[in-house]
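Enquirer: Take a look at the letters that make up each chain.
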Amino acid sequence: MSLTGTDIRNLFLAALALTICALLPLGDNGYWLGLGVTIAMFTALATSWALFSGPTHYISLATAAFFGVGTYVTGLGIDNLPFWSLVGLAGLIGAILAALVGLATLRLSGVYFVIFTLGLAELVRQVITWVQNNTGQKGLYVLTDLDEAGIYWWLLGLCAIVFLAGWLIGRSRLGFALRIIGDDETVAAHSGINTARAKVLLFMVPGAVAAMTGAILAPRYVYIEPSLAFAPILSFQVVIMALLGGASRLWGPLVGVIPFTFLLEAVSSNFPNQTTLVIGVAFLVIVYLLPGGFVGLLNKIMHRINTRERF
Amino acid sequence: MNRRPFLKLVSALTIASALVASAASADTIRIGAVAPKTGPLAGGATVTQWPSIYLWVDQVNKAGGLTVDGEQMMIELIEYDDQTNPGETIKAVQRLATQDDAHFIIAPYGTGLNLAAAPLFDRYGYPQIAVSAITDQQADLSDKFPNMFFTLGTTTALAADVVKVLSDMRDAGQMGDKVAMVNVADAFGIELATAAKPLFEGAGFEIVYETSYPLGTQDLSPVIKGAAAAEPDAFVAWSYPPDTFGLTEQAMIENLDVKAFYTAVATPFPGYGARFGAAAEGVLGAGGVNPESPAFMEYAAAHEAVTGSKPDYWASATTYASLEILAQSIEAVGLDRADVTAHLKESTFETILGPISFDENNSNADFWTVGQWQGGVFKGVASRGRDGTVPVILKDGWE
Chain Z
1 MSLTGTDIRN LFLAALALTI CALLPLGDNG YWLGLGVTIA MFTALATSWA
51 LFSGPTHYIS LATAAFFGVG TYVTGLGIDN LPFWSLVGLA GLIGAILAAL
101 VGLATLRLSG VYFVIFTLGL AELVRQVITW VQNNTGQKGL YVLTDLDEAG
151 IYWWLLGLCA IVFLAGWLIG RSRLGFALRI IGDDETVAAH SGINTARAKV
201 LLFMVPGAVA AMTGAILAPR YVYIEPSLAF APILSFQVVI MALLGGASRL
251 WGPLVGVIPF TFLLEAVSSN FPNQTTLVIG VAFLVIVYLL PGGFVGLLNK
301 IMHRINTRER F
Chain G
1 MNRRPFLKLV SALTIASALV ASAASADTIR IGAVAPKTGP LAGGATVTQW
51 PSIYLWVDQV NKAGGLTVDG EQMMIELIEY DDQTNPGETI KAVQRLATQD
101 DAHFIIAPYG TGLNLAAAPL FDRYGYPQIA VSAITDQQAD LSDKFPNMFF
151 TLGTTTALAA DVVKVLSDMR DAGQMGDKVA MVNVADAFGI ELATAAKPLF
201 EGAGFEIVYE TSYPLGTQDL SPVIKGAAAA EPDAFVAWSY PPDTFGLTEQ
251 AMIENLDVKA FYTAVATPFP GYGARFGAAA EGVLGAGGVN PESPAFMEYA
301 AAHEAVTGSK PDYWASATTY ASLEILAQSI EAVGLDRADV TAHLKESTFE
351 TILGPISFDE NNSNADFWTV GQWQGGVFKG VASRGRDGTV PVILKDGWE
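If you're matching them up, the sequences are chains Z and G in order. The first sequence runs 1 to 311 under the working numbering. The second sequence runs 1 to 399 under the working numbering.
Hints are computed from structural coordinates only; laboratory data are not their basis. Among the hints, erroneous ones may be present.
Below, a list of computed lysine to aspartate or glutamate pairs in the EDC-like style, where the Cα atoms sit at most 20 Å apart [unchecked claim]:
no.	chain 1	residue 1	chain 2	residue 2
1	G	Lys225	G	Asp396
2	G	Lys178	G	Glu254
3	G	Lys144	Z	Glu185
4	G	Lys144	Z	Asp147
5	G	Lys144	Z	Asp145
A few chain G residues that don't get close to chain Z, going by computed Cβ distances all over 12 Å [stated by the list, open to error]:
no.	residue
6	Gly110
7	Asp168
8	Leu215
9	Phe245
Each residue gets a CB set at the ideal place from its N, CA and C atoms; glycine is no exception.
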């Protein structure tokens with residue numbers, strides 16, 4: 001693998017951006033840091049989601065399932081294991097769970113896959129509740145010394161790993177294979193690509209990342225219970241943010257997450273009695289006005305400029 | 001192709017963010033409130049939490065405000081919906097503390113949401129007088145969050161007093177010692193069942209039927225049929241709002257023949273009495289108040305006049321009492337939050353529930369645990385340190 005001048009420049013710029021982001025807790029330790037945590041969390045979730053769903057066009061609603069598993073890993077293990085090992089363990093469990101789910105379902109396509117992933121969060125939640133009910137376990141309290149700045153840095157580190165992984169996958173044979181699968185799965189299979197294996201491998205990335213995000217955020221929630229850990233709204237928020245940005249580029253979800261977080265913030269602070277209603281209307285407006293996301297909009301603008309120059 | 005859609009979106013965003021800036025006036029006390037208006041807990045919060053907040057603000061402002069250092073200050077309420085999502089609760093508390101510059105913040109609703117907010121209340125030094133956060137971890141939590149106070153009791157006390165009420169009935173020869181115990185398979189239902197089982201066994205009860213059902217189960221007839229087949233003397237359900245109603249309905253259909261029938265959360269809701277009418281007579285439930293006390297009657301009348309709905313017979317009054325405690329502290333020591341917290345720890349407050357003070361674990365030791373529908377009113381039949389408990393009556397059919 002060889003790096004071109006552009007690659008080196010991009011890597012350098014990304015490292016610079018990351019450093020600037022990492023300085024946020026030094027500037028503000030309250031409101032803006034809180035928003036920073038939200039943005040970092042959704043950046044990790046939406047970018048890893050788009051790594052799989054962008055090229056393959058499989059819409060996965062399983063984020064809440066993996067996220068919930070991650071919070072439970074921290075909740076159950078925080079008294080016995082160091083925090084960093086729990087984050088790693090959550091990633092491992094998330095990846096294994098994603099592999100199992102992938103083996104069972106990625107031969108399905110279209111709406112069947114969507115419905116299965118939506119049901120997965122409920123399935124995992126019921127399994128955990130069943131275990132708790134049979135062991136008579138009490139509520140889980142995660143009391144740590146990790147503060148908002150610590151959580152932010154953990155999430156930022158995770159984002160860096162996601163972007164690096166996405167960049168490497170994009171350059172690899174696996175990434176190439178997935179783009180072919182996305183364009184035409186039959187052609188891909190006839191070209192000798194093991195489509196099921198490629199899809200399962202890549203599905204493990206969002207699974208692991210969502211579980212690690214859950215593990216990192218568990219100390220922020222302090223008390224872990226199934227209805228809060230497996231809230232299905234999370235899966236939908238991730239999809240909408242990624243689509244607003246555009247799932248076809250690595251940086252696409254990021255440009256969706258940032259404006260959407262500010263939009264949600266503006267809505268919930270100004271319409272305390274109609275928050276859910278206004279958010280719903282915003283969803284409709286985004287889908288209607290920006291079907292290709294910001295990336296699609298940018299492509300159209302570029303295309304128009306190019307066309308003009310030619311004439 | 002045109003750019004107008006993008007411009008529209010940008011201008012909408014700009015207008016929305018311009019509205020964020022809120023005017024802060026110097027002569028008012030800014031009180032923040034965040035609780036569910038949507039999501040799974042909205043049903044409980046709109047009965048128990050929000051109306052009591054509106055009533056309190058209305059009453060304080062009609063009386064000319066609170067006296068702070070000899071000056072009358074009106075209350076300005078800033079409210080947010082957390083959509084029953086801990087991430088939103090955290091954002092809202094953050095916003096109240098740093099953007100709205102709230103002087104005080106009313107504790108959120110529900111155990112999970114209260115605990116998600118606790119690190120922020122702690123960091124910004126806000127006293128957090130939690131109401132609907134029932135736990136056995138008061139010692140650990142008040143150690144970690146010294147500003148957090150607990151008013152509604154502990155899980156174990158709630159379970160233990162049900163066992164005690166039933167033991168007393170048995171010892172008085174009113175019923176035998178066979179109990180059917182069921183629970184909703186969710187956080188609080190599991191905690192209560194886990195606490196209750198050894199207590200029942202220790203008190204010499206025989207658990208003849210035991211099962212659980214998932215949250216959101218629509219058809220509860222197998223649960224009631226199974227219990228009826230075991231011919232228990234008492235039926236105890238550690239239930240949540242939807243299944244509290246569902247189990248009662250099925251018990252009526254099956255004509256479940258027991259001397260004591262207990263369902264947990266939401267039994268004290270006015271909607272329960274309204275829905276089941278005479279059939280509710282004798283049903284036991286979690287919580288309670290002394291509905292005969294003049295203070296409660298005055299509160300209930302004002303609640304209905306101002307908000308248009310009746311308070312429940314448990315946490316509504318405690319929510320209102322927590323606001324009375326906050327108001328009395330502000331009038332005593334002013335707007336400094338550290339002073340208010342110190343005052344909370346050392347004083348005794350006169351509330352509609354009677355006197356309330358906090359022990360070394362920031363915990364209120366006097367609270368209601370079990371109540372019963374008697375004559376269309378839910379009356380407290382067991383409590384820790386509260387006056388006005390009435391004798392338990394036997395459940396006599398469902399007519």
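Enquirer: None of the hints should be skipped; say for each whether it holds.
Expert: Results for each hint:
1. Between lysine 225 of chain G and aspartate 396 of chain G the alpha-carbon distance is near 19 Å, which keeps this suggested pair within the 20 Å criterion.
2. Only pairs whose Cα atoms come within 20 Å are accepted, and lysine 178 of chain G paired with glutamate 254 of chain G is accepted, the gap being roughly 19 Å.
3. For a cut-off of 20 Å, the pair hint linking lysine 144 of chain G to glutamate 185 of chain Z is broken: about 55 Å separates their Cα positions.
4. Proposed proximity of lysine 144 of chain G and aspartate 147 of chain Z is supported: the alpha carbons are some 13 Å apart, at most 20 Å.
5. This hinted pair checks out: lysine 144 of chain G and aspartate 145 of chain Z have alpha carbons roughly 10 Å apart, not beyond 20 Å.
6. For glycine 110 of chain G, the condition that its CB be more than 12 Å from all CB atoms of chain Z is violated, with the nearest at approximately 9 Å.
7. For aspartate 168 of chain G, the requirement that its beta carbon stay farther than 12 Å from each beta carbon of chain Z is met, with the minimum near 26 Å.
8. With 12 Å as the threshold on Cβ separation, the claim that leucine 215 of chain G sits away from chain Z is violated: the shortest Cβ distance comes to roughly 7 Å.
9. For phenylalanine 245 of chain G, the requirement that its beta carbon stay farther than 12 Å from each beta carbon of chain Z is met, with the minimum near 19 Å.
Hint check: violations occur at hints 3, 6, 8; the rest are consistent with the structure.
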